[in-house]
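Colleague: We have chain Y; now place chain W onto it with these hints.
From first to last, the protein sequence lines stand for chains Y and W. Numbered by the working numbering, the letters in the first sequence go through residues 1 to 283 in order. Numbered by the working numbering, the letters in the second sequence go through residues 1001 to 1227 in order.
Derived by calculation from the structure, the hints in this document are not laboratory data. Check each hint, because a few of them may be wrong.
[To be verified] As a list, the in silico SDA-like pairs of lysine to any residue whose alpha-carbon atoms are at most 25 Å apart:
| no. | chain 1 | residue 1 | chain 2 | residue 2 |
| --- | --- | --- | --- | --- |
| 1 | Y | 77 | W | 1047 |
| 2 | W | 1225 | W | 1193 |
| 3 | Y | 77 | W | 1141 |
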Amino acid sequence: MRSDLLINYKKYCLAILVTFILGFVFLYGSMPRLIYGNEMENRSIIFSSSRYMYIFLASIAALGALAGSSFPDLGSKVKTSNYLLIPASTFEKFSSQFFIRVICGAAIFLVLFWIDARLARAISVMQMVDIKTNLHYANAEHIIDKFNYGMIFLYEKGISYSSETGSYPIEKIVYYKPIETWGTSLFIVSIGLYLFSVRLFFKKLGLVKSIISFVALFFILFLFMVLFSHIFYPRTVGFDMSLPTYTLQKGINNVELWLFLIGFVSPLFLLPLGYFKLKEKQL
Amino acid sequence: MLHLISGLIQPKAGKINVNGFVPFERNPNYLADVYMVPEEFAFPPISISTYVKAFSPLYPNFDHHKLHDIFKEFELHPTSNLNKLSHGQRKKFLIAFALSTNCKMLVFDEPTNGLDIPSKSQFRKILVSSVTDEQLVIISTHQVKDIDTVIDTVVVIENGTIIYQENTDEIAQKLYFDLVPSLAGIENVLYHEQCTLGQRIIVPASAGNESSIDLELLFNAIINKTI
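Extracted from the complex, chain W is given alone in its bound form:
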């Protein structure tokens, strides 16, 4: 799906239209407003500053100050050679560059893969502070816990079909996520999973009673069609 949106592959059937553009036509105006951070990436053997110098002019809304701030946060140095950085640092650079492009659509494919625990936290912080309401960020991940605090809409796709789409506020109003020692005495359990401390459960939320969303549990519940 991410490849279809970014124009890397052509749909076998049907048509795709994003902001008035057909992605596969790869119109430069469209590509200048879409940035994809792929799971795997490769860089030429050049310094960060040369890369920025070479590619930033292609993005009309590129914000060098933002890039500089994110570099500071991620402890990246413009003089470093991209191919001499660790995988995690290179990923951080790519995330920093992506956010600085200010593209209307940012596509992240497994953005937290390769990042250590402090970096994942930095990523969440930077993502929230860098993205405006005019931007759409699509994150595809298997590490749902890494991004559960930064998303506002959950979309679950199974075999190419959207089987669940809900705003996080609405989910919090409808569902209550809890960890209980046992299921005894608990009614209306929509989904439960055993864990070392007892049972992780989803029950209908009662008025004024909200919990943080356990995305993994929610995902399993959706896949098992209990929600």
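Looking at chain Y on its own, in the form it has when it is part of the complex:
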């Protein structure tokens, strides 16, 4: 790992810088800075947790790219030879890449996104102008919610009061729903681990081929679902899927449990799969 950091530190620093700048541009570009005065009444304009969530999910592709471009030395025969002959065990080689690209990558990404979100909000709030008065909008801080990771990983529920004059938010409940939270998080982690491990099966263009294989796998899964829908629910038409949702326990439905299981179980075989593929790697 020390060797990897010594050799690639410039590349890693550049990646951090580019991620930081792109994240900022993405967030700042999405935040409102021109106000027409009625935003407080029209809640849909307000930059809230759902907007952050969309941007976060889109940005997480950068993390997927980092994980999918693991083991860069396996891209060519000459570099593969050098890499395999480095006097370190397969476990050390595998775990160093895992630690740098998945663990550190995710941690740095979360920190960068948080800084970007806070910075973009601070600047946007400062620059927010009311079109009617052409002055700084006094309630700017209420237009853009302050980012925190609870917005992504905890579920929110808004309660509003409707009257003849409009709908007013009166209460917001933030609650922790383990299955949804962990199911979604682990599902994202699984995609990252898939890109990280499956990359070892390809010599060239590992990231691109991993993504294509992932899409292909998803398409096969979709076809299976369609097939099962036709078998178990004969009224299914064409490529429609019949996926009835039912509650297994209080707060847990079958689809959430399915996501959770995929997210929880797949790392258990994806990581060993990648490790053994690296161990058996030949020139």
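Modeller: Structure of chain W alone, referenced to chain Y:
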């Protein structure tokens, strides 16, 4: 064969054991004692000193003084960027690094390819002075003349089978290599090849009469099964 020894590929049949290790298991202790200089190589875009800093700790017997001396001989500067060096200079660096690892087994695949004439001579000199009796150096080359003065055992492999294996001292005692204007009057010629100056020949050596080994001629004689 070199790839099998270094653990880069797995044998399709049979087993390989080198110093108690199975190469393909790529045990770090084994890899720390085997260094391969491949014919083709690639370096990251870093300086020589960074490369040395990154990889030398992985070789427990790495000798920095030796590296420094070889750098001097090869006129390499630690601050140079590896990817900005010429192919020959990069090869020299790799040879210098390989010799400084003090690995028990050094594998050179076409080590003189890309080296100019003075560098080939430097390579021979450095190789002889850097390697100890505890080390084994395996050289695979098509340029046999480049290394004929540094080898002590000649092994010829054809289609995966060793067809000839002899110590250079024994070869010199058994065979006499000569250049003659013609074959007239020469008896017991084991092998001959025409050249611009006449004939290059191999004849049985007589007692006390030794010659330098013409590896190319010897190789052709072995391939033509006259020896």
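Colleague: Each hint should be assessed against the structure and marked as holding or not.
Modeller: Each hint tested on the structure:
{"no.": "1", "hint": "77/Y / 1047/W", "verdict": "holds, 22 Å"}
{"no.": "2", "hint": "1225/W / 1193/W", "verdict": "holds, 14 Å"}
{"no.": "3", "hint": "77/Y / 1141/W", "verdict": "holds, 20 Å"}
In this structure, none of the earlier numbered hints is contradicted; all agree with it.
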